[in-house]
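*Asks:* These protein sequence lines map, in sequence, to chains A and B. Heads up: the first sequence runs through residues 1 to 469, numbered per our numbering. Heads up: the second sequence runs through residues 1001 to 1465, numbered per our numbering.
No lab work stands behind these hints, which were simulated from the structure alone. Quick caveat, the model's predicted, so the values are computed rather than measured. Just so you know, not all the hints are guaranteed correct.
Each computed DSS-like pair below joins lysine-lysine, with the alpha-carbon atoms no more than 27 Å apart [claimed, not checked]:
1) B:Lys-1006 x A:Lys-250
2) B:Lys-1060 x B:Lys-1103
3) B:Lys-1237 x A:Lys-250
Chain B stretches covered by chain A per the calculated footprint, using a threshold of three residues with CB under 8 Å from any CB of chain A [claimed, not checked]:
4) 1020 to 1031
5) 1049 to 1055
6) 1058 to 1070
7) 1121 to 1133
8) 1221 to 1234
9) 1271 to 1279
10) 1425 to 1435
Note that the Cβ used here is the ideal one computed from N, Cα and C, for glycine as well.
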Amino acid sequence: MARLRQGYGGQVLFLARHEWRVMRANAIVRLVVAVFGIALVGSTMLGMARAERERTTLADYENRQGALPFRTPASRLGADAVANERGWLAMLPPAPLAHLAIGQGDVYPNYIKVTARSLDALVTGDQIEHPLSVASGQFDVAFVILFLYPLLIFAVSFDLTAGERDRGTLRMVLSQPVTLRQVVAGKMIVRVALLLVPAIVLPFATQFAGAPQYAAGARWERMLLWSIAVIAYASVWHGLALVVNARGLKAPANALVLAGLWLLFVVVGPSAVNLLIATRYPMPSRVEAAVQARAATQEATVQGSRELGQFLQDHPTSGNVGREGMRQFALLQAQRDQRVADRLQSVEATFNEQLKKQQHLASWLSVLSPTMIAQGVLLDVAGTSTYRYEYFRHEASKFQRQWRAYFEPRVLDAATITSQEYVDAPDFRFREEDDTVMRDRILLPIALLTGFALLLWWAGFRRYARYQL
Amino acid sequence: MTVAVKDATEIWRDGRFRWAAGLLILLIVAAVAGGVHNQSEIARQHIDAQQAERDVWLDKGDMNPHAAAHYGAFVFKPVQPLSAIDPGLDPYVGVFVFLEAHKQQLARHRPIEDATPTRRLGQLTPASAALVLLPLLVVSLTFSSFAGERDQGTLRPLLAMGISRRALLAGKALGAMLPLAAIILPAAVIGGVIVWWNTPADPEAPIAARAAAMAVVYLAHTLIWIGAGLAVSARAKSQGTALVVLLALWFVNAFVAPPMAMGAAKWLDPSPSAIEFAASIQDEKDTWPSWDARVESVMTRFLEGEFDSTMAPANIEVTALLESEADETALYNRRFDELFTQFARQAQIFERIGAFAPTLAARTLSMAFAGTDEAHDRQFSAAASAYRSQMLTTLNGELAASGRFNTFDYTRGRDLWEKVPPFDYDVPSAGWALSSRAWSATVLAAWLIAVSLLAAWSVASMRVE
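With the rest of the complex left out, here is chain B:
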């Protein structure tokens, strides 16, 4: 304990530390304030837009149900409250989907497209402060813990005083944690107040469990770095070496691992570029029978008695139309499923590589709990796609049930539009997020245990001089 207090006091008295600490608190608070501001602004826009879209849908007047399907509907991606802490992939995925007959589309307008290229250098968020900047501070607090004492020749007298190595390790760890707490606590309190001030737009959103899980992830990640810092400091030849090794580890974790992991994922499981994707859909469409052949085939089946004999001649074309639409829907569904499955596989490879870089695993978990990762985006896409089928089934079903089946002189109004419910998307629970990223959670826990053991072993076996 004395060691801890002595170390903490020493660090605290260091002017450079106070500068760095002050700057970091400032950055974290700015990141939280900016994040909350942007999140609530975007969330409000999306809610307003969804409301306006609903009004437009209901007030579009009388028209044929199939024309209404062509008229289509916009679905805006709901913004998660915790994206204020970790926006994750939100800037890199589309903000709305247009749902219409015949064609399925990817979500459009990724914010990154409108941003200036400098945006690609990254944006300060509470998550990046916790996962990138905080470890650097940990490195600066721990690199000299043992190596520094040894360089100054104070390690032997310290141990000669009868302190066990284990107690020394605990003291050194605590000595690094106390100054850290002096940064994290005020930043967390101020950040918490700002978040609380801006109550989430959707009060039912499962925010508490997810926020707690994020805090646990950041804490575990910080502890891993403390352990790594102490272990390296105990084993390194000099404090200079310890610093260089730790900085290299930090640089690799924060900047090299993400692009490398994704590069490996794309290399192992290459996904099509936009042109290949579009061309593969067109290629398949090209093999389909022509419109005339389709009509002829329906006619043949009609003559063979496959349909009700009261069917009017015009209904032959309507039937052909519905059949061709079903084929198109199936094709788009299949292709998008393939693409998303492939994306999921790439994300999985990326996650697996996180086993080598704890910051990668922490980042994956942070995004998952914030509800801004690839799995949540897929969940939203699935909901939008299900809503599209529901909309088309309602509209086309009405057409079939009308009994008149001649589509083109049949119009309906608001009463039918109201039968299509408003789009409602429920975010999965924190438990679902955890189970979707079980690998990363395991990896993070394993790293924490491994690093603790490593630190204990390093201190037990370290040279005194």
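Only chain A is shown next, with the shape it has when bound in the complex:
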């Protein structure tokens, strides 16, 4: 046996090295690490393939959008056809770490068709995805971290000291000049490192091996934040394992208790909280809002249709309408749209306000489970949370106002557009929201996770003082 190192920390490191040798020989530990590694590498590769497909699809449509719709440079197109029929596709590029978490990407669309009509501004489409796919969840790195990781932590930690105590070897170790806490600290260090290193290194190593172009700019910062979140989340579970082990039960009992805790915090807790939210704080009904919108806009719709009908009756064929008539028609149409949009806007605003309130209330309940907290943080850092899609909608609606300001006078004038005018029209390039906003959002949840973890570790080590040998 090698000589004991000097000092408290030195002894802990020495014990850790010994524990490392013991664990390396353990079949279960090898299996756990292998499963974890395969799941991490596999999910990262699947995620990268998916993100790459999304990127090339969007790039393809960006290029097509860049091409002018004019057959010859001299030809002209109707303003209505350009501004409304063709419109402009505002596209959202894949999120910075989209390959790690699909998040809400299978729910919200990554493009919005922008037109100069006031009504269209209120409509955003849906992402097209098989409902069964959305319901089944995704096998991405976030899933591996949130669901599998804690289970594997427990698999390597349920027998921290109980087995050695029952075999009597723990007593022998403690006859050396080391304390029980040092022994436990050594064991914990190895267990944390054993899983944390692959959890953090493998996704990024795979990413750089597969697509080096990802190694640019702000991603580093996101990857750092992702890693911090993973560390905080893992620490909570290691802390739980420590506390349970410190109670001095036998190893199988520890395993059962830990499995129960996993079930409670990862499966039952979130799903029960979601049931509570659905029952106690239901989101406002879209169905009722649709009925209200219908009632609110009916008068404007019917009146507008009547005016347009009257106009068409006065001008039975488009041949005898003339430019002035077309202007009149465009104005009538725009006025009807505006009236309907105004009424719709107030219904939508009320709905959104209620929705925000409910979501805010609901989000507070997520502090009940570390998994729910960590999920919010990981998605936000990956850029696939609801926030980024909301920001995209916000940016797109800003762009819609520019687009409308540019084209509406021309549409009302029943004008035609030259290719130069088209080139001068505003275009949309999505700029990411300032990272500080995201950092501010995740600060509290990460602090919360870290706080829980510290509390658990402290309680665990404290409890080990009373450990019965």
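Let chain A serve as the given structure and place chain B on it in line with the hints.
*Replies:* Quick look at chain B alone, frame taken from chain A:
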């Protein structure tokens, strides 16, 4: 029998079991109560909305029939009574469709869009309690059945007493089922009372056969897990190994199989994203003749004598309008058909993979009988689409039959709006649901038989020490 009673008593005396059992009953009852509450709330909203929509449609006043087609109609998806037990895909599909001239739309406003992201971690429902939580309890009841006796050295004396291995298996199975019954029966009774209390909004809904079928699915699924638990316990080296193997099987079935199966389905048969879908429709429209060319073509055909010679000049444009609408309808129908067929193929691949994971097959069947799966959603979409054609045919037909054919100064009122019947959707029968998911039913039955045989073989060939 003695074995069964002894095991059941032992389990019952275990404080941990009573805790777990109590918690599970509580969860199931909460899930049923919450499910029924939410279901009846949403069902009421949809019925009220459909009624309000009908009133709005009838009272919209006089207008041109084609303008009425533009005015359109909302169709709200009827909520199935059994979605209280298994909401299935309901949160992930749109709650209403807007039917209008020229354009066909997908159902809009999936509840998942408004939910907080944590909703993606799943919601507690009676179905998830039965298909995810219950098997875990089964695992905890069965993993030590044989392995535990063997570890303690009591298996040999037990067999030495002259009990046949088959009787021992039956006893062990019964010993696990009795405590389970102590959970399932009260939960089922309380749940049944809650469901009965909230009589379904639509009394004609075919609920009894479907509910019975769901119960059979849950029962078969639980039996499969009991069989698997006993088989693994008989073969495993120690009870620890048995527990680890069973937990791994459970985790894979409950959490890994669904996303993996769907991932495979999407990989084998990729469906377009929203932008690709929209662009492919626009691309096709771009190849169509311009409005002027359309009018010119109608004019040419008019001059060639294809139409009645009394047709007024304005009717040339009306004819062009109707023709362009027919083209658009056909295009949308085709594209949506393609998309839905593709979704159906993906769902089929997903279902096929259920052959490897019995929980997947049980989940598919549970959703099908609850009327909340992808096939039922397609059935509803088809009904909405048929209703749309019926509405447009009625309105446009009236326009054609008016004989005046000049659309724009022709208005009609309530009498015509009443000719468009209210939207009525009849849910297919339980038999239809079964036949649409025959594969999963076969798979579940096959698993039940296979696992029973496996358990019998494992016990017959198990080591005693």
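*Asks:* Do three or more residues of the stretch 1058 to 1070 of chain B come closer than 8 Å to chain A, measuring C-beta to C-beta?
*Replies:* holds (count 6)
*Asks:* Taking 8 Å as the C-beta cutoff, is the stated coverage of the stretch 1049 to 1055 of chain B by chain A satisfied by three or more residues?
*Replies:* holds (count 3)
*Asks:* Are there three or more residues in the stretch 1020 to 1031 of chain B whose C-beta lies within less than 8 Å of some C-beta in chain A?
*Replies:* holds (count 4)
*Asks:* Hinted pair, alpha-carbon criterion (27 Å max): B:Lys-1006, A:Lys-250. Please report holds or violated.
*Replies:* Given pair B:Lys-1006, A:Lys-250 holds - Cα atoms ~25 Å apart, limit 27 Å.
*Asks:* When I compare C-beta atoms, does the stretch 1425 to 1435 of chain B have three or more residues closer than 8 Å to chain A?
*Replies:* Not satisfied, violated; 0 residues make the cut.
*Asks:* Can you confirm whether chain A covers the stretch 1121 to 1133 of chain B, using C-beta to C-beta distances below 8 Å and requiring at least three such residues?
*Replies:* Contact hint for the stretch 1121 to 1133 of chain B vs chain A: holds, 8 residues under 8 Å.
*Asks:* Is the straight-line distance between the alpha-carbon of B:Lys-1237 and that of A:Lys-250 27 Å or less?
*Replies:* holds, 20 Å
*Asks:* Would you mind confirming whether the straight-line C-alpha gap from B:Lys-1060 to B:Lys-1103 stays at or under 27 Å?
*Replies:* Cα-Cα ~21 Å, so holds.
*Asks:* At least three residues with a C-beta closer than 8 Å to a C-beta of chain A: is that true for the stretch 1271 to 1279 of chain B?
*Replies:* Contact hint for the stretch 1271 to 1279 of chain B vs chain A: holds, 9 residues under 8 Å.
*Asks:* Do three or more residues of the stretch 1221 to 1234 of chain B come closer than 8 Å to chain A, measuring C-beta to C-beta?
*Replies:* It is violated, with 0 qualifying residues against the three required.
Going through the hint list in order, the structure does not satisfy hints 8 and 10.
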